[in-house]
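Engineer: Residue strings, one per chain:
There are 6 protein chains.
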Amino acid sequence: MEDFYNHLYQKQLEVQDMPSNKRIAEWAMNVLHLLFPERNSKSFESVAEIKLAFEQAEVELFELLLKTKACSHCDNREVAAIFFTELPKIYNCMLTDAQAIMDGDPAARSIREVIRTYPGFTAICIYRIAHQLWLLGVPLIPRILTEHAHSKTGIDIHPGAKIGEYLYIDHGTGLVIGETCIIGNHVKLYQGVTLGALSVAKSMVDTQRHPIIEDYVIIYAGATILGGETVVGHHSIIGGNVWLTNSVEPYTTVYHLPNSKFIDSKPTV
Amino acid sequence: MEDFYNHLYQKQLEVQDMPSNKRIAEWAMNVLHLLFPERNSKSFESVAEIKLAFEQAEVELFELLLKTKACSHCDNREVAAIFFTELPKIYNCMLTDAQAIMDGDPAARSIREVIRTYPGFTAICIYRIAHQLWLLGVPLIPRILTEHAHSKTGIDIHPGAKIGEYLYIDHGTGLVIGETCIIGNHVKLYQGVTLGALSVAKSMVDTQRHPIIEDYVIIYAGATILGGETVVGHHSIIGGNVWLTNSVEPYTTVYHLPNSKFIDSKPTV
Amino acid sequence: MEDFYNHLYQKQLEVQDMPSNKRIAEWAMNVLHLLFPERNSKSFESVAEIKLAFEQAEVELFELLLKTKACSHCDNREVAAIFFTELPKIYNCMLTDAQAIMDGDPAARSIREVIRTYPGFTAICIYRIAHQLWLLGVPLIPRILTEHAHSKTGIDIHPGAKIGEYLYIDHGTGLVIGETCIIGNHVKLYQGVTLGALSVAKSMVDTQRHPIIEDYVIIYAGATILGGETVVGHHSIIGGNVWLTNSVEPYTTVYHLPNSKFIDSKPTV
Amino acid sequence: MEDFYNHLYQKQLEVQDMPSNKRIAEWAMNVLHLLFPERNSKSFESVAEIKLAFEQAEVELFELLLKTKACSHCDNREVAAIFFTELPKIYNCMLTDAQAIMDGDPAARSIREVIRTYPGFTAICIYRIAHQLWLLGVPLIPRILTEHAHSKTGIDIHPGAKIGEYLYIDHGTGLVIGETCIIGNHVKLYQGVTLGALSVAKSMVDTQRHPIIEDYVIIYAGATILGGETVVGHHSIIGGNVWLTNSVEPYTTVYHLPNSKFIDSKPTV
Amino acid sequence: MEDFYNHLYQKQLEVQDMPSNKRIAEWAMNVLHLLFPERNSKSFESVAEIKLAFEQAEVELFELLLKTKACSHCDNREVAAIFFTELPKIYNCMLTDAQAIMDGDPAARSIREVIRTYPGFTAICIYRIAHQLWLLGVPLIPRILTEHAHSKTGIDIHPGAKIGEYLYIDHGTGLVIGETCIIGNHVKLYQGVTLGALSVAKSMVDTQRHPIIEDYVIIYAGATILGGETVVGHHSIIGGNVWLTNSVEPYTTVYHLPNSKFIDSKPTV
Amino acid sequence: MEDFYNHLYQKQLEVQDMPSNKRIAEWAMNVLHLLFPERNSKSFESVAEIKLAFEQAEVELFELLLKTKACSHCDNREVAAIFFTELPKIYNCMLTDAQAIMDGDPAARSIREVIRTYPGFTAICIYRIAHQLWLLGVPLIPRILTEHAHSKTGIDIHPGAKIGEYLYIDHGTGLVIGETCIIGNHVKLYQGVTLGALSVAKSMVDTQRHPIIEDYVIIYAGATILGGETVVGHHSIIGGNVWLTNSVEPYTTVYHLPNSKFIDSKPTV
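Chains as they are written, first to last, in this note's numbering: chain A, 1 to 269; chain B, 1 to 269; chain C, 1 to 269; chain D, 1 to 269; chain E, 1 to 269; chain F, 1 to 269.
Warning: the hint list may mix true and false statements.
Calculated pairs, DSSO-like style, for lysine-lysine (alpha carbon to alpha carbon, straight line, at most 27 Å) [as the list claims (entries may be wrong)]: (1) B:89 / A:202; (2) B:89 / C:11; (3) F:51 / D:11; (4) C:22 / F:22; (5) C:22 / A:162; (6) C:202 / C:69; (7) D:22 / F:51; (8) C:152 / A:22; (9) F:152 / D:152; (10) C:162 / B:152.
Because the hints were derived from the structure by calculation, they are not lab data. Treat the numbers as computed from the prediction; the structure is a model and nothing was measured.
Could you put the whole structure together from the sequences, leaning on the hints where they help?
Structural biologist: Encoded structure:
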C-alpha cells in the first residue's frame with residue numbers, strides 16, 4: 001500500500017488546486033438569484049444594495065478565474081468585468097425563454113411558476129451563463145456549470161452550443177444538445193430529444209459534429225437528430241421518436257411511423 | 001448598468017416573498033421520514049413524541065401556506081389540518097406502492113430496501129403528498145414538490161394526475177406522467193415511459209390532454225402513449241418503445257416491431 | 001389519529017436503526033476524493049497524511065458496516081480491511097475508464113476535465129466501489145451507493161453487474177445496466193441505453209436476466225438490449241434506437257431503420 | 001479497556017436521553033429574537049406570522065419539556081401554554097431593564113444599542129425566561145439557560161433568584177447572584193459584584209443563604225455581599241470592593257477604605 | 001395576546017433592518033485571519049490572491065456599513081476604503097502587542113502560541129479594528145465588535161479608548177477599559193483590572209470619565225483605578241488589588257496592604 | 001499596499017499549517033461526550049460501537065498530532081495510543097471532581113445537573129485532558145484546549161499545573177491557576193481566586209513561580225495567593241478577598257478584615 005500512497009501523493013503534487021465544483025455552481029446560482037427575485041428569499045432595500053451584490057458576484061468570479069488559472073495570457077479581472085457588462089443582454093434573453101415556456105405549456109399557470117419550478121428554465125439560464133464564459137475563453141468552468149444543471153435537471157446542454165432567443169424546453173429529462181449545435185430562435189424541444197453527433201471519433205474535435213436547427217422548429221419527445229451536416233429547416237416539425245440523420249427543407253413535418261403488432265390476450269374462460 | 005439595477009429593484013418590489021423551494025421540499029421529506037422510520041435516523045421514545053412531531057409538521061405546513069398566500073379566500077390553517085387528517089389514507093396508499101415494487105422487481109431484496117433506495121418509491125410518495133395539496137387547491141407548492149422529486153429521481157409526475165393504488169415504478173429515469181392523466185390500480189410503469197399530450201397548445205388548458213390507463217396495465221420501457229382520448233384498456237401490456245396514440249381494448253398486448261438491419265463487419269484478413 | 005401514531009410507533013420499534021443514505025454516500029464520495037486529487041480541495045502535506053486519511057475511511061466503513069449489521073456471521077472489520085486492500089486495483093480500473101472517455105469523446109479537453117465534470121465517470125467510479133462491497137456480501141449499502149449515483153447522474157448501474165475495464169459512458173442520462181449484466185472490456189455505452197430484462201417476474205431472482213456484452217462493443221444512444229440469453233458478440237456496433245432481444249455474432253453492425261413520413265407543410269400564400 | 005467500554009455502555013443505559021444544551025439555548029434565544037426585532041434579521045410580514053412564530057416556539061417548548069421528562073405528575077403542554085401566557089409580563093419587565101441601562105450608562109447611545117450589544121441585558125433576559133420556568137417547577141432547563149448566559153457574558157444569575165424591575169447590569173463580567181437572593185426594583189449592579197452565601201454547606205439546601213437587596217440600591221464593582229441574614233436597606237450605596245456580611249440600614253453609604261503604601265521608585269541617576 | 005402580537009408587529013415596522021452581530025463579528029475575525037496566517041487554515045498561492053481577499057473584505061465592510069446606514073451624510077464606500085488603507089498601520093501595532101506578550105509572560109513559548117492562544121491578544125486586535133472604525137465615525141459596529149471580544153475573552157475594552165503600542169494583556173478575564181481611557185505605550189495590564197469611572201451619571205456623556213495611564217506603567221491583577229482626573233504617571237507600578245482614585249507621580253510603586261487575621265484552627269485531639 | 005500584501009505572503013510561507021483551534025477543541029469535546037453520556041445525544045447500541053468511537057477519537061488525535069508536527073523525534077501514533085490508555089484513569093479522576101461539586105454546592109440537585117451545567121466541571125475535565133497531553137510533551141494543543149475552556153467558562157487553568165483528585169470549582173468566573181501550581185486532593189476553589197506568580201519576569205521560565213496548595217484547603221471567592229515559595233498547609237481555609245504572599249501552616253484560617261466606612265445618607269426632610 002505504501003507504493004499506492006506514494007503514487008497518490010506524487011499525483012497530487014502535479015495537480016493544480018482549484019475551487020470546488022460546488023463553489024463554482026453556487027456562484028452561478030447566486031447570479032440567477034440576483035436576476036430573478038422570484039427565486040430569492042434575500043431581498044434588497046435599495047438599488048445600492050443590488051449594485052453591491054453584483055459587485056460582490058464580480059469579485060467572486062474574478063477569484064474563481066484566478067484560482068482556476070483560467071487566463072494565462074489575459075486579464076482575469078477584465079474577463080470578469082466583461083461578463084457582468086454582458087449580463088443585462090443575457091438576462092433579456094432568459095426572459096424570452098421564460099416567455100416561451102409560459103406561452104407553450106398549458107400546465108404553466110404563471111411566469112413565477114416557470115421561473116421557480118421549471119427545470120427547463122433553470123437549465124437554459126445556466127447554459128446562457130456558461131456560454132458567455134465559453135465565449136470569453138474560460139476553460140473548465142463552463143462545463144462544470146452545465147454539468148451542474150445536467151445533474152439537477154437531466155438536461156445536458158454543452159456550453160459551446162449556439163442557441164437563439166425564445167428557447168422552449170419542457171420536462172426536459174434526457175435532452176442532449178451537443179457542443180457544435182446551432183439552434184435558431186423560437187425553437188421548442190421536448191424531453192429526450194438528442195441533437196448529437198452521427199459518429200464520434202476523437203479526430204473530429206473542432207469540426208461541426210452536431211446539427212443546425214433553424215428558427216421556429218418544434219422537436220417532439222424522444223426524437224434523435226444527428227450529424228454536423230444535418231440542417232432542420234425553419235418552421236419544421238419533427239415528431240416524437242423520429243430518427244433523423246439528413247437535412248429537411250423548411251416547413252417540413254416528419255412523423256415517426258410506429259410499427260406495432262396488437263394481440264388480443266384476453267383470458268379464455 | 002444603473003438602469004439594469006433599477007429594473008431589478010422595481011421587479012423585486014412587485015414580487016411576493018415566499019418560502020424557498022428548499023424549505024418546501026424539506027417539509028415534505030420530513031413528512032416522509034415520519035411515515036417511514038426505515039428512512040429516519042431520528043427515533044421517538046413514545047407515541048406522544050410522534051404525535052408532537054406531526055403537530056409540528058402541521059404548523060410548518062400552515063406557515064408555508066401562509067407565506068405563500070396559498071389561500072386568499074379560505075382558511076390556511078384548516079387546509080393544513082385537512083391534509084394531516086387525510087395523511088393516514090395517503091400512507092396506506094404508499095404502502096401499496098412499496099408492496100407493488102417488492103412484488104414486481106426481482107432485484108428487490110426487502111421492503112426496507114424498497115423504501116430506502118428505490119427512486120420510484122420516493123417519487124410516488126412525493127406525488128401522493130403533492131396531489132393531496134393539489135386537491136385542496138394549494139397553488140405552486142404541489143409543483144415545487146414534484147419538481148423536487150423530478151430533480152432527485154428523473155421521474156416527473158404532475159401533481160394533477162390521478163393515480164390509483166399499487167403503482168409500480170421501476171428505475172424510472174425519464175418517466176413522464178402529465179397533468180390530466182388518469183391511472184388505475186396495479187399499474188406497472190418502466191423507465192422512459194411517456195404518458196403525454198398529443199399536441200401541446202396553450203389553449204388546451206383544463207381539457208383532458210393525457211391518456212387514461214386502466215387497472216392492471218403494464219407499460220414497458222420507452223413506450224410513448226399520447227393524447228386525451230387514448231384509453232389503454234385494463235390488463236393490457238404495452239411493449240418497450242411502442243408509440244401509441246389510439247386507444248386499445250382491454251387485454252391487448254402491443255409489441256414494437258423493430259426494424260433493424262444486420263451487417264457482418266468482420267475484418268477480412 | 002391515535003391509532004395511526006400507535007401504528008407508526010410499533011413499526012419503528014421493529015425497524016433497525018442504520019446510518020442515513022447521506023452518510024453512506026459521503027463515505028464513498030470521500031474515497032473518490034482521496035483517489036482523485038483533481039476533485040479535491042483538501043491537500044495533503046505528506047504521504048503519512050494520505051495514509052491516515054485512508055485509515056480513517058476504513059474505520060468509517062467499519063462503522064457503517066457495524067451499524068448496518070452488514071455481516072451477521074462474518075467479521076465487519078475484516079470486510080472493511082479487504083475493501084481497502086482491493087482499492088488500488090479498483091483505482092487502476094477507474095483510470096482505464098477515464099482514459100476511455102478521454103480517448104472517445106471529442107469534447108473532452110483533458111483527463112482533469114473528465115475526472116471533474118463527466119457524470120459518466122462519477123457513475124462508473126461509484127459502481128466500482130459498490131460492486132466491490134457487493135462481492136464482499138455487504139447488503140443494502142451497494143444499492144444505496146449506486147442509487148446516489150443514479151440520482152446525481154441519471155445513470156443507473158446495478159452493483160451486481162459485472163463490468164470490465166475501459167468502460168466508456170457518455171452523457172449517460174437514462175442509461176440502465178441491470179443486476180445480472182456482464183460487460184467486457186473496451187465497451188462504449190451512449191445515453192439512454194438499456195441493458196435490461198426481457199420480462200420481469202419476481203420468480204426470476206438469481207437467474208441470468210440481463211444481456212452479455214462482449215469486448216469492444218459500441219452501443220449508441222437509445223438502444224435497448226434485453227434478455228439473459230442475449231449475447232452481443234465482440235467488436236459489434238449497435239446503432240441508436242435499435243431494439244435487440246436476440247444475440248448477434250461478433251463483428252456485427254446493427255442499424256435501426258427509421259420509418260418516417262415527410263410532409264411539406266409550407267404555408268401556401 | 002473492554003471493562004471501561006462496558007462500564008460506559010452500562011452507564012449510558014441508565015441515562016435519560018434529553019435535548020442537548022445547545023438546542024435548549026437556541027429555543028430561548030429564538031424567543032428573545034421574537035421579542036426584540038432589533039436583534040432579529042428575520043422579519044414578519046403580518047401579525048399572523050408573528051402569532052404563528054410564537055405558536056411554533058410553544059410547540060418547541062412542549063417538545064423540550066416532554067423530552068426532558070420535565071413534569072412527571074403534571075401536564076407539560078399546560079406548562080408550555082402558561083409560560084407563553086406569562087410572556088407579555090416578562091417582556092414588559094425586560095423593557096424596564098433596557099430602560100435602566102439606557103438611563104444609567106453614559107456610554108449607551110440608544111435603546112437599540114443596549115438591546116443589541118449589552119451583555120448585561122442579554123443575561124437579564126435569559127434569567128427572566130429561566131426564572132419563569134423555575135417558578136413552573138421545570139427541572140434542569142432553567143439552569144442550562146442561565147449557564148448559557150453565563151458562558152456568553154460572564155454573568156451568573158441563578159434562575160431561583162427573585163429580581164424586581166429596572167435591574168441595571170453594567171459590563172457585568174464576574175457578577176454572581178445566588179439561588180436564594182432577593183433583589184428589589186431599580187437596583188444597579190456593577191461588574192464583579194458577588195451576592196453569595198457566607199458559608200457553603202450542603203445541608204443548607206432550601207434555606208435562605210444569599211442576601212436581600214432592597215429597592216434603589218447601587219452596588220459598585222467588586223463588592224462582595226454575603227449571607228442569608230444580610231439585608232441591604234433601600235437607597236443604600238455599596239462602594240467598590242466593599243466586603244459586607246452584615247445588614248445595613250436604608251440610606252447607608254458604605255466605602256471601602258483602601259490601605260495602600262506609596263513608594264517613590266524613581267531611578268536615581 | 002393579540003394586542004401583544006400587534007405591539008411587536010408595530011415595533012418591528014419601526015426598527016431598521018441591519019446585519020446580524022454574528023456577521024459583523026465574522027467580518028472582523030476574517031480580517032484577523034488575513035493578517036495572521038498562523039491562525040488561518042486557508043492558504044494563498046500568490047500575492048494576487050491575498051490582494052483579492054482584502055478587496056473582498058473591503059466590499060463586505062462596505063456592505064455592512066450600507067446596511068447599517070452607518071453614514072448618513074458621508075460616503076460609506078470611502079469609509080471602507082480608508083479603513084483598509086489604515087490597516088497596515090494597525091497591523092504593525094498588533095505586532096507590537098504580540099511582542100509585548102511574548103516578552104512579558106514566562107509561560108509564552110513562541111509568538112505563534114501568543115497569536116493562536118492568548119485571549120489578550122485577540123481582544124487587543126479586535127479593539128484596534130473597532131477603534132479605527134470608531135475614529136471614522138461608524139456607529140454601533142465598533143461596540144458590537146468589542147462585545148464579541150468581551151464574550152469570547154472576558155476582556156472588555158471600549159472602542160473609544162485610546163491605547164498606545166506594546167500593550168500587554170495577560171489572562172485578562174474581568175479586565176475593563178472604559179470609553180474615555182487614555183493608555184500610553186508599553187503598558188502591562190493583568191486580569192481583573194478596572195480602569196473605570198468614579199461615579200456614573202448619564203449627564204457625564206462626552207466628558208473624560210476614565211483615567212489616564214502613562215507609558216511603561218504596570219497594573220497587577222484586581223487593581224481598580226477610577227476617575228477622569230486620575231493620572232498614573234509613567235514607569236509606575238500599581239500592585240494587585242490596589243484601589244486608586246487619585247493620581248500618582250511617575251515612578252511610583254503602590255502596594256495594597258492586606259489586612260488579614262490568621263487563626264490556628266488545628267483540631268485538638 | 002503591494003508591499004503589505006507581499007509581506008503577508010512571505011510570512012505565510014514561513015508559517016506551518018496546522019489544524020484550527022476549533023477542530024482541536026471539538027476533538028476534546030467529543031472525548032468528553034463519549035465519557036459522559038449525560039452530555040451526549042448520540043447513543044450507542046452496543047459496546048462495539050463505543051469501542052469504535054474511541055478508536056476514531058484516537059485516529060483523530062493522531063491526525064491532530066501529525067498535522068501539528070507535535071512530535072519531531074517521537075512517534076505521534078504512540079502518543080495518541082498512550083493518551084487513550086490513560087483515559088480510564090483520567091475519567092475516574094473526573095468522577096471525583098463531579099462528586100466534589102455535588103457534595104459541596106447546596107444548589108446542585110443531581111450529578112447529572114453537575115455534569116451538564118457546571119462550567120467548573122467542564123473546565124476541570126478539559127484541564128485533565130490537556131494536562132495528560134502536556135505530560136506527553138505535546139506542544140500548543142494543551143494550551144489551545146485550556147484556552148477553549150477559558151473562553152467558555154471564564155476559568156483559566158494552565159495545562160502545566162498539577163492538580164489532585166476531588167477538585168471543587170464553583171461558579172468559577174475569573175479563577176486563574178498558573179503553570180507551576182501544585183494542588184492537592186479535596187481542594188475547594190471559589191470564583192475569582194488567583195493562584196499566581198508574585199512577580200512576572202520572562203527569566204523565570206521553568207522555575208516554580210506559583211503556590212502550592214495542600215490537601216483539604218478551601219479558598220473563598222476573590223482570594224489571591226501568589227508566589228512559588230507560598231505553601232498553603234493542608235486543612236487551611238483562606239477567606240474571601242484575602243491577599244496572601246507567604247506560606248501558612250496546616251489548619252490555618254485566614255480572614256480578610258474589611259476596612260469600610262458607613263455613612264448615613266438618608267435625605268433630610
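Engineer: Is the straight-line distance between the alpha-carbon of residue 152 of chain F and that of residue 152 of chain D 27 Å or less?
Structural biologist: Holds, because 7 Å separates the two Cα atoms, which is no more than 27 Å.
Engineer: Starting from residue 162 of chain C, check that the Cα of residue 152 of chain B is at most 27 Å away, please.
Structural biologist: holds, 26 Å
Engineer: Below or equal to 27 Å on CA atoms is what counts here, so check residue 22 of chain D against residue 51 of chain F.
Structural biologist: holds, 26 Å
Engineer: Take a quick look at whether residue 202 of chain C and residue 69 of chain C sit within 27 Å of each other, Cα to Cα.
Structural biologist: Holds, at about 26 Å.
Engineer: Between residue 152 of chain C and residue 22 of chain A, is the straight-line Cα distance small enough, at 27 Å or below?
Structural biologist: holds, 13 Å
Engineer: Keeping to a limit of 27 Å between CA atoms, is the pair of residue 22 of chain C and residue 22 of chain F held or broken?
Structural biologist: holds, 24 Å
Engineer: Check the hint pairing residue 51 of chain F with residue 11 of chain D against an upper bound of 27 Å on the C-alpha distance.
Structural biologist: Answer holds: residue 51 of chain F to residue 11 of chain D is near 14 Å, not above 27 Å.
Engineer: Are residue 89 of chain B and residue 202 of chain A close enough, with their CA atoms no more than 27 Å apart?
Structural biologist: violated, 56 Å
Engineer: Are residue 89 of chain B and residue 11 of chain C close enough, with their CA atoms no more than 27 Å apart?
Structural biologist: Between residue 89 of chain B and residue 11 of chain C the Cα gap is close to 17 Å, so the pair holds against 27 Å.
Engineer: When you check the alpha-carbon spacing of residue 22 of chain C and residue 162 of chain A, does it fall within 27 Å?
Structural biologist: Distance of about 38 Å is beyond 27 Å: violated.
Violated hints for the displayed structure, listed by number in ascending order: 1 and 5.
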